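Engineer: Spelled out from the first residue to the last, the chains are:
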Amino acid sequence: MTLAEILAGLFPEGHAVTVADGLILGHGPRPGGGRVHVLGIAEGTPLGIDGALALAGRVLAIARSGDGAPILMPIDSASQRMSRRDELLGLNEYLAHLAKALMLAEAAGHPTLGLLYGRSAAGAFIATALATARLVALPGAHPEVMDLPSMARVTKLSLDVLTQMARATPVFAPGLDNLVQTGAIGAIWDPQRPLAEQMEASLAASHPGGDDRDRLGAERGGRPRAAAIAERVAAQVAGRA
Amino acid sequence: MTPAFEPEALSWYEGSARQRIAALVDPGSFREAVGPEERATSPHLALFDLPEQFDDGMIVGQAAFKGTPILVAAQEGRFMGGAVGEVHGAKLVGLLRAAKSLALDVLVLFDTGGVRLQEANAGETAIAEIMRAVVEARLSGSRVVGLIGGRSGCYGGGGLIAGCCSALLVTEQGRIGVTGPEVIETNRGVEEFDARDRALVWRTMGGKHRYLIGGADRYVDDGPEAFRAAVRDVLAAPGRLDLATLDAEQARLERRLARFGAARDATDIWSALGVAEAPAVPGLSTQAFRAVALGRESAHDAR
Amino acid sequence: MERLSYTLSAPIPAGGTKPRAIVGVVASGNLEVLLERALAPDLCTVEIATAAHGFAEIWAAVVADFVARRAAGGLRIAINDGGARPDTVALRLAQGARLIAGDAA
Chain A
1 MTLAEILAGL FPEGHAVTVA DGLILGHGPR PGGGRVHVLG IAEGTPLGID
51 GALALAGRVL AIARSGDGAP ILMPIDSASQ RMSRRDELLG LNEYLAHLAK
101 ALMLAEAAGH PTLGLLYGRS AAGAFIATAL ATARLVALPG AHPEVMDLPS
151 MARVTKLSLD VLTQMARATP VFAPGLDNLV QTGAIGAIWD PQRPLAEQME
201 ASLAASHPGG DDRDRLGAER GGRPRAAAIA ERVAAQVAGR A
Chain B
1 MTPAFEPEAL SWYEGSARQR IAALVDPGSF REAVGPEERA TSPHLALFDL
51 PEQFDDGMIV GQAAFKGTPI LVAAQEGRFM GGAVGEVHGA KLVGLLRAAK
101 SLALDVLVLF DTGGVRLQEA NAGETAIAEI MRAVVEARLS GSRVVGLIGG
151 RSGCYGGGGL IAGCCSALLV TEQGRIGVTG PEVIETNRGV EEFDARDRAL
201 VWRTMGGKHR YLIGGADRYV DDGPEAFRAA VRDVLAAPGR LDLATLDAEQ
251 ARLERRLARF GAARDATDIW SALGVAEAPA VPGLSTQAFR AVALGRESAH
301 DAR
Chain C
1 MERLSYTLSA PIPAGGTKPR AIVGVVASGN LEVLLERALA PDLCTVEIAT
51 AAHGFAEIWA AVVADFVARR AAGGLRIAIN DGGARPDTVA LRLAQGARLI
101 AGDAA
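Protein chains in written order, with UniProt numbering: chain A, 1 to 241; chain B, 1 to 303; chain C, 1 to 105.
Please keep in mind that the hints were generated in silico from the structure rather than gathered at the bench.
A quick note: this is a predicted structure, and the numbers were derived from the prediction, not measured.
Note that beta-carbon positions come from the ideal geometry of N, C-alpha and C, so glycine has one too.
Wrong hints could be hidden among the right ones.
Claimed, not checked - Far from chain B, some chain A residues (derived; all Cβ distances over 12 Å):
hint	residue
1	His15
2	Gly28
3	Asn178
4	Ala205
Claimed, not checked - Heads up, simulated SDA-like pairs for lysine to any residue below, C-alpha to C-alpha not over 20 Å straight-line:
hint	chain 1	residue 1	chain 2	residue 2
5	C	Lys18	C	Glu36
6	B	Lys66	A	Ala241
7	B	Lys66	B	Gly283
8	A	Lys156	B	Lys66
9	C	Lys18	C	Ala38
10	A	Lys156	B	Val190
11	A	Lys156	C	Ala27
12	A	Lys156	C	Ala38
13	A	Lys156	B	Asn187
14	B	Lys66	B	Val190
15	C	Lys18	B	Gln19
Stated by the list, open to error - Per label pair, the in silico range of CB-to-CB distance:
hint	chain 1	residue 1	chain 2	residue 2	range
16	B	Arg188	C	Arg3	38 to 46 Å
17	B	Arg198	A	Asp160	28 to 36 Å
18	C	Met1	A	Pro224	15 to 23 Å
19	B	Gly28	C	Glu57	36 to 44 Å
20	B	Asp197	A	Gly175	33 to 41 Å
21	B	Arg188	C	Glu57	48 to 56 Å
Put together the whole structure using the sequences plus the hints.
Structural biologist: Below is the structure:
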């Protein structure tokens with residue numbers, strides 16, 4: 001689905017969402033009154049220091065407003081912008097700042113919902129969609145940690161070998177289903193059903209136990225050990241304290 | 001016979017994760033959780049016919065620091081480059097969740113190239129969980145302090161986790177970044193970044209540069225005494241995380257972009273910060289460097 | 001990975017009372033050695049997982065030499081190996097035996 005189709009589905013009565021320089025900014029009405037803030041990344045744009053700062057500034061303004069309105073974050077991005085300038089100026093701080101802003105807005109009463117509708121990778125993914133309270137995706141979305149040529153360079157395995165392994169090894173291979181299995185993506189929306197209803201349902205879903213991604217990863221088989229290990233560490237530390 | 005391990009003589013850069021912990025906290029106080037005897041190894045490395053390590057390169061537990069209980073995590077940068085896999089990440093998640101429930105501060109001894117690509121999806125998800133756990137621990141009052149001076153630096157998701165910490169301590173050798181030099185070169189070409197130019201790597205991502213632009217809070221020598229003194233300092237600060245903190249961080253990151261956004265090289269930035277002989281900075285001793293760094297951008301706890 | 005396992009009678013019991021010790025890291029040319037006080041004082045077992053295939057004879061010799069000459073009785077030893085040379089293996093085993101006996105490694 002294109003962003004325009006998605007926005008039309010989310011807000012059948014119209015919206016005030018625009019895209020500029022690859023960033024999505026605006027808001028739309030909720031069926032029962034009130035609004036949803038919409039901010040994200042479009043057109044497969046890489047996320048650099050400038051974009052991260054613009055998004056974070058908007059998130060903090062929303063948190064300050066105290067309107068309690070949810071934040072929807074549609075994402076179709078590349079990875080973090082890979083450049084000498086971004087690293088020189090401290091990209092890690094800019095991306096972390098955006099992630100913290102999202103989590104602080106959530107703590108201040110703004111439910112946050114990520115919507116992966118295209119590509120995303122690595123630092124751009126971590127700082128945006130993966131920093132929301134819930135993350136859903138549309139079919140056809142394609143998240144990846146790192147593209148295979150970069151992986152080949154880092155792992156010193158040939159691109160051919162990596163391509164072969166990517167087909168057979170879900171824990172490492174790019175793709176939507178693989179990140180559903182780890183628990184990173186909570187659910188995949190059905191494009192045949194009204195998106196507005198699905199958004200309301202996702203926003204209403206509560207989080208009784210906080211971050212439940214490791215538990216989901218265990219249930220779905222994508223991360224067989226993470227939940228048990230985290231629980232065991234916490235229990236051992238608490239038991240001795 | 002090898003000489004006995006002398007904690008005070010440890011080079012942070014050369015040392016192992018276990019040696020760093022032993023040298024940092026009160027002697028004999030560290031108690032590991034899910035230690036190597038539990039053999040909590042990666043379930044994924046065998047697919048690549050790669051050797052496992054009994055602690056999966058992450059050592060976590062509790063200790064005393066100057067007599068006060070504290071939690072500690074350390075990455076072993078020589079095992080898989082300190083990369084974050086499923087088990088490695090989950091151990092830190094568990095420790096941070098314990099920090100929140102026990103209201104304890106946490107020291108994270110970073111040494112990582114980022115996500116472990118052989119288990120990339122699990123590692124990336126773990127990074128997201130760790131960042132959330134850091135933020136939640138901080139929101140409930142814990143300080144999370146990052147110590148960076150290992151051979152693998154603090155890259156990829158490690159750099160993002162570091163950016164969520166309440167304070168960062170860095171040595172000259174401690175590089176902090178998101179995209180490592182090799183990956184920039186692979187994607188953008190050697191004209192964009194020559195990964196073999198070590199001097200370029202150090203001045204773009206190294207500890208001195210990060211300290212000068214406010215990307216780290218303390219610049220320390222490569223040994224446990226220097227790290228201990230700096231940890232004591234930052235644990236005395238509030239380390240709060242609230243809307244005011246992030247508003248201040250927004251302002252300082254906007255200011256950095258406005259002041260230095262057009263800089264081509266780190267030396268341009270250092271000159272703008274009032275360093276008279278910017279090209280000489282990499283060769284300066286700690287004392288001489290601190291003297292020329294007085295005009296640096298400070299984060300002033302806005303992180 | 002190649003997995004090797006040895007059970008030897010050990011003439012010298014491990015000193016000290018520490019339940020376990022660990023030395024080394026798994027990296028190219030390096031290894032980790034986990035020692036646990038878990039057996040009768042005249043026995044020693046060594047389990048090895050190594051990235052370098054085809055060196056069983058050398059492992060057998062290094063392990064036999066270690067158990068014959070060092071205080072290894074009662075120890076269950078587990079090794080993850082990143083392709084270390086025999087002298088590095090012998091060094092780590094000796095460090096491990098000293099560490100579990102209570103001396104610094």
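Engineer: Can you confirm whether the C-alpha distance between Lys18 (chain C) and Gln19 (chain B) stays at or below 20 Å?
Structural biologist: holds (18 Å)
Engineer: With the threshold set at 20 Å, check whether the alpha-carbon distance from Lys66 (chain B) to Gly283 (chain B) stays at or below it.
Structural biologist: Between Lys66 (chain B) and Gly283 (chain B) the Cα gap is close to 33 Å, so the pair fails against 20 Å, i.e. violated.
Engineer: Between Lys66 (chain B) and Val190 (chain B), is the straight-line Cα distance small enough, at 20 Å or below?
Structural biologist: Cα-Cα ~48 Å, so violated.
Engineer: Verify this label for me: Gly28 (chain A) is non-interface relative to chain B, using a Cβ-Cβ cutoff of 12 Å.
Structural biologist: Given a closest Cβ separation of 25 Å, the condition holds.
Engineer: Per the hint of 33 to 41 Å, is the separation of the Cβ atoms of Asp197 (chain B) and Gly175 (chain A) within bounds?
Structural biologist: Holds: the Cβ-Cβ distance is about 35 Å, inside 33 to 41 Å.
Engineer: Compare the distance between the alpha carbons of Lys156 (chain A) and Ala27 (chain C) with 20 Å, and conclude whether the hinted pair is satisfied.
Structural biologist: holds (15 Å)
Engineer: For the pair supplied as a hint, Lys66 (chain B) and Ala241 (chain A), is the alpha-carbon distance within the 20 Å limit?
Structural biologist: Holds: Lys66 (chain B) and Ala241 (chain A) sit about 17 Å apart, inside 20 Å.
Engineer: Honestly, do Arg188 (chain B) and Arg3 (chain C) meet the 38 to 46 Å range at C-beta?
Structural biologist: holds (43 Å)
Engineer: Per the hint of 36 to 44 Å, is the separation of the Cβ atoms of Gly28 (chain B) and Glu57 (chain C) within bounds?
Structural biologist: holds (41 Å)
Engineer: With respect to the beta-carbon atoms only, verify the hint that Arg198 (chain B) and Asp160 (chain A) lie 28 to 36 Å apart.
Structural biologist: At roughly 31 Å between Cβ atoms, Asp160 (chain A) and Arg198 (chain B) fall inside 28 to 36 Å, so the hint holds.
Engineer: Take a quick look at whether Lys156 (chain A) and Asn187 (chain B) sit within 20 Å of each other, Cα to Cα.
Structural biologist: With a Cα-Cα distance of about 15 Å, the restraint between Lys156 (chain A) and Asn187 (chain B) holds, given a limit of 20 Å.
Engineer: Assuming the hint says 15 to 23 Å, is it satisfied by the Cβ distance from Met1 (chain C) to Pro224 (chain A) or not?
Structural biologist: holds (19 Å)
Violated hints for the displayed structure, listed by number in ascending order: 3, 7, 8, 12 and 14.
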